[in-house]
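> The lines below spell out each chain.
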Amino acid sequence: MFVLAITGTIFIVVATLLIYTLVKFRATAAKANTEPAQVYGSTQIELAWTIIPALIVVVLTVATARVIHAIQDAPKPPGALEVVVIGHQFWWEYRYPTLGIVTANELHIPVSEPSGPRPTFLQLMSADTDHSFWIPQLAGKTDLIPNRINELWMDPDRPGVFFGQCAQYCGTQHAKMLLRVSVDDPDDFDAWVQAQRQAAAQDESAADGRRVFETTACINCHTVRGTAANGRFGPDLTHLMSRATIASGAAENTAENLRLWIENPDAIKPGSLMPAMKLSDSELDALVRYMQSLR
Amino acid sequence: MSTEVMAISSAQQAERTWREALHEWVTTVDHKRIGLLYIGFALVFLVIGGIEAVIIRIQLMAPHSDVVSPQVFNRMFTMHGTTMIFFAAMPILFGFGNYLVPLMIGARDMAFPRLNAFSFWLNAFGGLLLYFSFLGGSGLYGAGSAPDVGWWAYAPLTARAFSPGSSSDYWTIAVLVSGFGSIGTAINLIATILCMRCPGMSLGRMPLFAWLYLTMSGMALLALTPLSAAQLMLLVDRYLGGHFFDTQAGGSATLWMHFFWIFGHPEVYILIIPAFAFMSEIIPVFSRKPIFGYPVMVAATVCIAFVSMSVWAHHMFTIGLSSYANSFFAITTMVVGIPTGIKIFNWLGTMWGGQIQFKTPMLFCIAFLFQFLIAGLTGIMMAAAPFDWQLSLSYFVVAHFHYVIVGGILFALFGAFYYWYPKVTGRLMSERLGKLHFWLFVLGFHLTFDVMHIPGLLGMPRRIYTYEPGRGWDSLNLIVSIGAFVQVISIAVFVANLLISYRKGAKAGNDPWDAWTLEWSISSPPPAYNFASIPVVESRRPLWDLKHPEDPDSRYE
Amino acid sequence: MATNVSTTSAFEEFETWKLPDRGQVGMACLIVAESAIFTIFLVAYVFYIGKSLSGPTPREVLETPIFYTICLLSSSLTIHLAGKLLKGGRRAAFVGLWSLTILLGGLFLYGTGQEWHRLIYEHGLTIATNLFGTTYYSLVGLHAFHVTVGLLMMSIVLIFGLAGRVGRNHATRIDVLSLYWHFVDAVWVVVFTTVYVIGR
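These protein sequence lines are chains A, B and C, in that order.
Here the first sequence is numbered in my numbering, starting from 1 and rising by one per residue.
Here the second sequence is numbered in my numbering, starting from 296 and rising by one per residue.
Here the third sequence is numbered in my numbering, starting from 853 and rising by one per residue.
Because the hints were derived from the structure by calculation, they are not lab data.
It is possible that some hints are incorrect.
As the list claims (entries may be wrong) - Here's a subset of chain A near chain B, in silico, CB distances under 8 angstroms, partners left out:
# : residue
1 : E35
2 : P53
3 : P146
Stated by the list, open to error - Computed spacing ranges between beta-carbons, pair by pair:
# : chain 1 : residue 1 : chain 2 : residue 2 : range
4 : A       : A63       : B       : R409      : 15 to 25 angstroms
5 : B       : S770      : A       : R66       : 31 to 41 angstroms
6 : C       : Y973      : A       : P97       : 45 to 55 angstroms
To be verified - The calculated lysine-lysine pairs, modelled on DSSO-like cross-linking and capped at a C-alpha distance of 30 angstroms, are:
#  : chain 1 : residue 1 : chain 2 : residue 2
7  : A       : K31       : B       : K842
8  : B       : K799      : A       : K24
9  : B       : K802      : A       : K31
10 : B       : K730      : B       : K802
11 : B       : K730      : A       : K24
Please read all numbers here as calculations on a predicted model, not as lab measurements.
Glycine is no exception: its CB is placed at the ideal position from the N, C-alpha and C atoms.
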């Protein structure tokens, strides 16, 4: 707001002068055949309108440098949560090293009380091209660049669900690499952590679907903890049903969308790297039932 | 004697067949013809780039739109940016420079006429090569068409692994080749200005237009070449297995970013400085006063040139540079606003105390002043890196730079068209159509680009082919798109004016605006040799001295 | 015009008006532009020192090309002398020294080729091997390309010279080409220092 106040004031002052000039010094019929006084310049005026902007710049730069330092060099308090974010074309991988959790696309972080701050410190990496993590209501954006580790922290002061998306063009489906962050109350967060820590639910009624999963190429890309599937190329599906959306926010997490996604990903996210699995109808139905069992 | 010469050449002109005329134009080394070739070529690409923008806006009118596929959309924004910067803006500005600089300094041609022609044809070839990618971009892998990596072509998206096919190569080579053409023209302009001024025209007496083009050309030498170097490196990566930007082999994606923006930031100053040149010639004439503070204007321009080479990483505030680096670039970015602001004040000072005539060229310049002021201020806002961490890569930044390029450069260009068209063709453009063009364009421009700041503030990133409803962006994007359509109509009026005035415009004579620089001392259009005898000047406004012998500039400056 | 007070008359201005030679200015501009290109390649080289993930390192495989460097740098001297001879009207001597310049430059290129042959076939270092390979061959190769272009231009001059068609009146053009050649040599000084001295 401070910056806006300064730039806004500058605009009003200069624009007013401009409008005044245009009105006061317009050519009139009375002066038609004369030329105005031919003034070449004025050193004093030039000095004035050099020095004043220079002073404004000094003020702005001092303020800016302070904020840059405060944000970028903020120390990590002991209670901070650490999350590793790995950007992929076109989904987000989240690892919580201290909590032993791996998930994808929907981030859960605890709310941070002023009395006992618990900010989240993210380490940002990329598995392929450049991406950028941006939740406007929680923090500025920072890029995920391959072969480089960047840091970003968020200190949310109220719970809720916040949206964002990848902000650095990363390929065909950059537009649908959506972000969804759930800032949870401490109890809710702990409950979520506990649930995520478990291995995959074993639902016998979905056994044939699980067989389809394990015998087609799914396990090459996806991990379902507690089973043979430990692929790293695609999102971790262990607790797929704990997420509100699939395909990194491209569609709601319903049976219908799941089916469509597996059958023909291009219908939801054309150009994504999920291949169409070419399964028969019955295999597809079984597989969807298995997916829905992964709570 | 000169009437005989002119009578002979007009008789010859009547005898030419269209084949001979075409041959003349293709083989010309005359700076005026080459200037017009540049301008014509650039106008075509301006329209093509505009069509790409319209496609983008149609797609973004509503959320979840499927007018075009994501692949096509990504090609559209890549081609729009690449076309507008390299094949519309650069050539048109070089075209004006080519035509006008020799005339303004009393010379008969540029320093190297054949290099001049060669540079143009390199540029033209680059443009055609880029668009050939729509046909030929598939390469061996059947993937790819026109490039779709964004006009910055960030690594490693351009690596073979992520850009199979040849589409990225078309981007690289087309821009590389046209870059060499631009460097050739820059060399030509510098040599012309330094070595071919007429007697009496010391550097302190040449029109600001010449100073600004001299500065711009100097910057071009230092700024275009880093991009060429980076593109050569990219070709080494893609064709020879090199690892300059290969992150899998320890290469650095940020190295490309540094190299690109070391080019990219000075590039936008290279584009705006000729616009400043137009402003500095047109505003004095229509205020009926000399430019206020000529030496300060020169100093400010040179200052801008130097400082602007040190600000590049303000395009990289989000990539995780250290707080010291970010602070440095924030500071330099704000500092470069000082000489830029000084220029605005000097134009204001020129108008102050004058007798302002609101003819079409001046209308465009006045709009430039307001719009460039706003654009500069949003730039200062984003120079504050923490602010930029929100605004970067969003539609706020897209709005900002279109404000500079369309609201600044394009408006100044329109002013330049209306101002110098009579000199080039011998006829004035229609004031009525001009004013219609102006007001329509102001309406369309502000509808689009004022409103566009808001989705950016609301979190809408750039380069997305669609967006989710319910983020608050829907109606804003609709208004932005409507503004684009209004601009299209305005451009149609402008093109109509260009064409109709060629036949039906009022005869202009040598000096329709009662101006003061040397190009207005010769006929409209100028003869092939420009000046029958090389002029000798004694002040910055030789024609003012001639018209006002009782009060010449040479007495004061 | 009677009230006009100027310090020099128009005629005097015309007679004494002297501006720089456009060939020199043009070449100086080209040199500025080329310096920027070389700087970027140098920056990449320096940035990647020590960062290769595998493969041969500079210390392991590079041999300092002292002899060929002397050749190249001497060619700057010979081209300078050739220019002076031409201005003095000594055409035959000019052709002699000019040929010597080309020979020395050609020797340098031969030395580069020899070194590359050794690096590729004895040490397996190619442009695709690692970051060192990529940056080394690009930087030295870019320079060698500029040497080649220079040699081509000089050969054209040599052909005209042998045909007796290069005279005193071409001295300024020869100076422009010499300026280019001096630039190429200066670049080698920087590249040599960076690659063979600092970068090891």
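> Against this structure, judge whether each hint is valid.
Hint check:
1. With its C-beta approaching chain B no nearer than about 5 angstroms, E35 (chain A) sits inside the 8 angstroms limit, and its interface hint holds.
2. The criterion of a C-beta within 8 angstroms of any C-beta in chain B is met by P53 (chain A), whose closest approach is roughly 5 angstroms, and the hint holds.
3. The beta carbon of P146 (chain A) is positioned within 8 angstroms of a beta carbon in chain B (closest approach about 4 angstroms), and the interface hint is therefore held.
4. Restraint check, A63 (chain A) to R409 (chain B): a C-beta distance of roughly 54 angstroms breaks the suggested window 15 to 25 angstroms.
5. With their beta carbons about 38 angstroms apart, S770 (chain B) and R66 (chain A) fall inside the hinted range of 31 to 41 angstroms.
6. About 47 angstroms separates the C-beta atoms of Y973 (chain C) and P97 (chain A), a value consistent with the hinted range of 45 to 55 angstroms.
7. Straight-line distance between C-alpha atoms of K31 (chain A) and K842 (chain B) comes to about 18 angstroms, which keeps the hinted pair within the 30 angstroms bound.
8. Simply put, K799 (chain B) and K24 (chain A) have alpha-carbon atoms about 35 angstroms apart, too far for the 30 angstroms limit, and the pair is violated.
9. The suggested pairing of K802 (chain B) with K31 (chain A) holds, with an alpha-carbon distance near 26 angstroms, which does not exceed 30 angstroms.
10. With a CA separation close to 19 angstroms, the supplied pair K730 (chain B) and K802 (chain B) stays within the 30 angstroms bound.
11. A hinted pair counts as satisfied when its Cα atoms are at most 30 angstroms apart, and K730 (chain B) with K24 (chain A) qualifies at roughly 22 angstroms.
Of the numbered hints stated above, those contradicted by the structure are hints 4, 8, listed in ascending order.
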